[in-house]
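Residues per chain are reported as follows:
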Amino acid sequence: MSFLDFAFAEFSSAIEMLQAAKLTDNKKLALGFLNHSLDEFRHTDFFIKCLNNLKNVENIDRNLKFDSKLVYNLGFINKNYFLFNKYSLSQFCIFIMINESEALKLFTKIKKMNFIQDINDKKSLENIISEEKKHLAEAEENNLLIDQYSELLKDEQRHVTLSDNFSKKQNKLYSYKLLSLKFLIANKFRHFVSKNIYINSIINLVISLFIIFLSYPLKLALRFKEPSKKYISFSYSKSRLML
Amino acid sequence: MKYIIGISAFYYESSVALLEDGVVKEFLKEESFTRIKGTNTFPKLSLSFLKKKYSLSSKNIGACVFYEKPLLSWSRMTYYSMQKPLLRWKINSQQFKNIWKNGLLFDNHIKNIFNLNSSQVLFANHHVSHALTSTIYENYFRNDLNKDKLIIVVDGVGDGETLSIYTMTNDHLNRIYVDHYPHSLGLFYSTVTDYLGYNVNEGEFKVMGLSGYGRPVYKSFILENIINWNNNKIQLNMEWFDFDKNPEKSYSEKFSKYFGQKDELYNLNEIHTNSFHRAANIACSFQESLEFILSEVTKWAVDKTGISNVYFSGGVSHNSKAMAKIANLNKVKKFTVPPSPGDSGAALGAASFGNFVLNNKFISNAPLYFTNNFFNPQTNIFSDLFEEFSKITTNTLTISSLIIKGEIICIFNGGSEAGPRALGNRSIICSAKLSKTVQKLNSKVKGRESFRPLSPVILDKNLDKFFYVKSKFKHNLEWMGLTLKSKKNTSKEYSSCIHIDGTARVQILINKELFLYKLLEKLEKNDHQILINTSFNSSGEPIVFDYMDCYISMKKMNLKYLYFDGKLYLRK
Numbered sequence: 001m002s003f004l005d006f007a008f009a010e011f012s013s014a015i016e017m018l019q020a021a022k023l024t025d026n027k028k029l030a031l032g033f034l035n036h037s038l039d040e041f042r043h044t045d046f047f048i049k050c051l052n053n054l055k056n057v058e059n060i061d062r063n064l065k066f067d068s069k070l071v072y073n074l075g076f077i078n079k080n081y082f083l084f085n086k087y088s089l090s091q092f093c094i095f096i097m098i099n100e101s102e103a104l105k106l107f108t109k110i111k112k113m114n115f116i117q118d119i120n121d122k123k124s125l126e127n128i129i130s131e132e133k134k135h136l137a138e139a140e141e142n143n144l145l146i147d148q149y150s151e152l153l154k155d156e157q158r159h160v161t162l163s164d165n166f167s168k169k170q171n172k173l174y175s176y177k178l179l180s181l182k183f184l185i186a187n188k189f190r191h192f193v194s195k196n197i198y199i200n201s202i203i204n205l206v207i208s209l210f211i212i213f214l215s216y217p218l219k220l221a222l223r224f225k226e227p228s229k230k231y232i233s234f235s236y237s238k239s240r241l242m243l
Numbered sequence: 244m245k246y247i248i249g250i251s252a253f254y255y256e257s258s259v260a261l262l263e264d265g266v267v268k269e270f271l272k273e274e275s276f277t278r279i280k281g282t283n284t285f286p287k288l289s290l291s292f293l294k295k296k297y298s299l300s301s302k303n304i305g306a307c308v309f310y311e312k313p314l315l316s317w318s319r320m321t322y323y324s325m326q327k328p329l330l331r332w333k334i335n336s337q338q339f340k341n342i343w344k345n346g347l348l349f350d351n352h353i354k355n356i357f358n359l360n361s362s363q364v365l366f367a368n369h370h371v372s373h374a375l376t377s378t379i380y381e382n383y384f385r386n387d388l389n390k391d392k393l394i395i396v397v398d399g400v401g402d403g404e405t406l407s408i409y410t411m412t413n414d415h416l417n418r419i420y421v422d423h424y425p426h427s428l429g430l431f432y433s434t435v436t437d438y439l440g441y442n443v444n445e446g447e448f449k450v451m452g453l454s455g456y457g458r459p460v461y462k463s464f465i466l467e468n469i470i471n472w473n474n475n476k477i478q479l480n481m482e483w484f485d486f487d488k489n490p491e492k493s494y495s496e497k498f499s500k501y502f503g504q505k506d507e508l509y510n511l512n513e514i515h516t517n518s519f520h521r522a523a524n525i526a527c528s529f530q531e532s533l534e535f536i537l538s539e540v541t542k543w544a545v546d547k548t549g550i551s552n553v554y555f556s557g558g559v560s561h562n563s564k565a566m567a568k569i570a571n572l573n574k575v576k577k578f579t580v581p582p583s584p585g586d587s588g589a590a591l592g593a594a595s596f597g598n599f600v601l602n603n604k605f606i607s608n609a610p611l612y613f614t615n616n617f618f619n620p621q622t623n624i625f626s627d628l629f630e631e632f633s634k635i636t637t638n639t640l641t642i643s644s645l646i647i648k649g650e651i652i653c654i655f656n657g658g659s660e661a662g663p664r665a666l667g668n669r670s671i672i673c674s675a676k677l678s679k680t681v682q683k684l685n686s687k688v689k690g691r692e693s694f695r696p697l698s699p700v701i702l703d704k705n706l707d708k709f710f711y712v713k714s715k716f717k718h719n720l721e722w723m724g725l726t727l728k729s730k731k732n733t734s735k736e737y738s739s740c741i742h743i744d745g746t747a748r749v750q751i752l753i754n755k756e757l758f759l760y761k762l763l764e765k766l767e768k769n770d771h772q773i774l775i776n777t778s779f780n781s782s783g784e785p786i787v788f789d790y791m792d793c794y795i796s797m798k799k800m801n802l803k804y805l806y807f808d809g810k811l812y813l814r815k
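These protein sequence lines are chains W and F, in that order.
Going by the working numbering, the letters in the first sequence line up with residues 1 to 243, in that order.
Going by the working numbering, the letters in the second sequence line up with residues 244 to 815, in that order.
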């Protein structure tokens, strides 16, 4: 399950970075995001390969399959927006930093476990870990640069009102911490939900009990007569109906 | 000026079609924007793209048409699963959990983008959308003999319907037959797809490819015990299926017991193993059973209506092998399957429905290639990713000489194609004569299973030299609608593009203005008359939509040549 989970995480990260590359108006950032995206696509392939190799092992659920569409249902990618659209560049960088550091921790953990037997696969994992370290450094550097640029702008403002600038600075630090915490929780929650099949089972059971209890009246309500006419109507009034 | 928008969403491959004064201007898949294959969310990005490009607003939009009746669809499926609530509790809970994930909130979604009135939002029946999709390429049918149409729609399920048959005479659409869930040919085929370890809605092509290697050893058993067409009704014996009870598994324990535990079939990449042969026999048996039932349905419908001008639509019509079988039936005098018969293409049918409701006219002039329907990233970093191959303008001669040397060329030229097949504007090509190059392209570059064949593209004038073809279905070859049987010399000279069963899903080129036509004319002089044409995407990703996607795909596949709008480039 972990390999599948990692594959989804890396894939969603690749998609987010690709979208960022397409949406940013900064040439240097676009190139950086694009290369980052390529790394993440490669990592996805690596974990899919690990998952497929695991299918040779006994007692492994061979129904586990990577289906890219599931990144929506599992909460890795939001249906309504890409992160670069929603967050400012500075927030986006904090998000990447948190996620990269979490991924790094997880990958280091699985390296210690003995799931990966193939020497080439072990080498690939080593490469992924070093690339994740690089991404983390880049994300931190970008954020640092943005902070420096913000500092420069604030310096200009300092001439106008020192006190106002000071409070802005405080607020920024607070929001930085708040955002880091928010993204960290979101990251943990996402992995938890995607892994946890028990939550789904409980929800299913509750809904089922409810339906069974109401089955007779609901059945009556949903029983529709088949239209007897063979002629397909293209009337405006009928085409406005959902039924 | 009034626009009509057709939308398909929430099941598989969301898409949007745009009509401008009754002319198809755009057809976009949401996956092109999200870069997530098979994206089935509301196509917000596609609509936003069109809104900006055409300045769409509530004032110039005549109607937004959803491709199905969401309440009908939900209630029919729920009613069925509530017949046996204990047995189908998993499906029941899924129906209620996902109640807001289908089209019930379509009104709200669309209003968030265009601020339309409720009177501008319409709903077409799912199978009617499919049926109308099949008739929108009339401009490609060069020898129309019969104006009456017999339209057969076959898919998994839509609005609770699984197979429906229509006649269309002078813009009057009549339904003569309908089958309901769970008796579905689409789900019958998806079950074996799931059993063989492939993703439902994606792996069906693989099962079709695999079937060529097998023998139909289980066919008579399947037709006696699992599916039949008795008394003019399709009947599935539900003891063999679980798709109506379990959203995660399509086949039942009984299925596993008879055909063997799935665990033994996990590795289908080794062609000469027992496991592979058993899987191929199962695939072949299901494929031939599907073909048999479809043939029987078609013959019955032709007899009943007296109309032999047959159109096919719905997801099952993607099965080009089955389509070839139907097209060759003696009773069928003319056969058509549209370029995009599946759910994404139904957006075009929905738009046609809207055009009829508002303007009393179906559309029949959809293009195969669209113009400039690609995305432009905010920043231009093209020159950082690619360099010109030569300062001198590249022509087909340069590219043909590279192809003869065994190079593989990626093409991003003009707008994208209408259907799921790359037809030369978003393609990867190489010579079909060079079997090592073809093998490399199939397995190493694209990472496809070795048993799946690649498709050939050929000039129309040369088709007869290599393949058996009939005029009654030839027009479908412009978009690889069905497979053809190859002649003996083809298997010798161009064995790399011929499947093990002697067939190929051929594309023919008629339009002399197409880049691929000009290229093949040059190659012909060097005795390379057939090219391999596969879609420009790496394994598991949607077809490329802009130059950044080209770069990502090429880098993943380690390809270096890109023909981009009239020039040849090298990837950096």
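Keep in mind that the hints are not guaranteed to be accurate.
To be verified - Here are the simulated SDA-like cross-link-like pairs (lysine to any residue), alpha carbons at most 20 angstroms apart as the crow flies:
id: 1; chain 1: F; residue 1: Lys492; chain 2: W; residue 2: Ser201
id: 2; chain 1: F; residue 1: Lys717; chain 2: F; residue 2: Lys735
id: 3; chain 1: W; residue 1: Lys219; chain 2: F; residue 2: Ser362
id: 4; chain 1: F; residue 1: Lys728; chain 2: F; residue 2: Asn571
Source of the hints: derived by calculation from the structure; they are not laboratory data.
Next on the checklist: Please verify whether W:Lys219 and F:Ser362 have alpha carbons no more than 20 angstroms apart.
Outcome noted: violated (31 angstroms)
Next on the checklist: Tell me if the straight-line CA distance from F:Lys728 to F:Asn571 falls inside 20 angstroms.
Outcome noted: holds (11 angstroms)
Checklist entry - Is the hinted pair F:Lys492 and W:Ser201 satisfied, with a Cα-Cα distance of at most 20 angstroms? => result With Cα atoms ~16 angstroms apart, F:Lys492 and W:Ser201 stay inside 20 angstroms; holds.
Next on the checklist: Check the hint pairing F:Lys717 with F:Lys735 against an upper bound of 20 angstroms on the C-alpha distance.
Outcome noted: violated (24 angstroms)
Hints 2 and 3, counting from the list given before, are not met by this structure.
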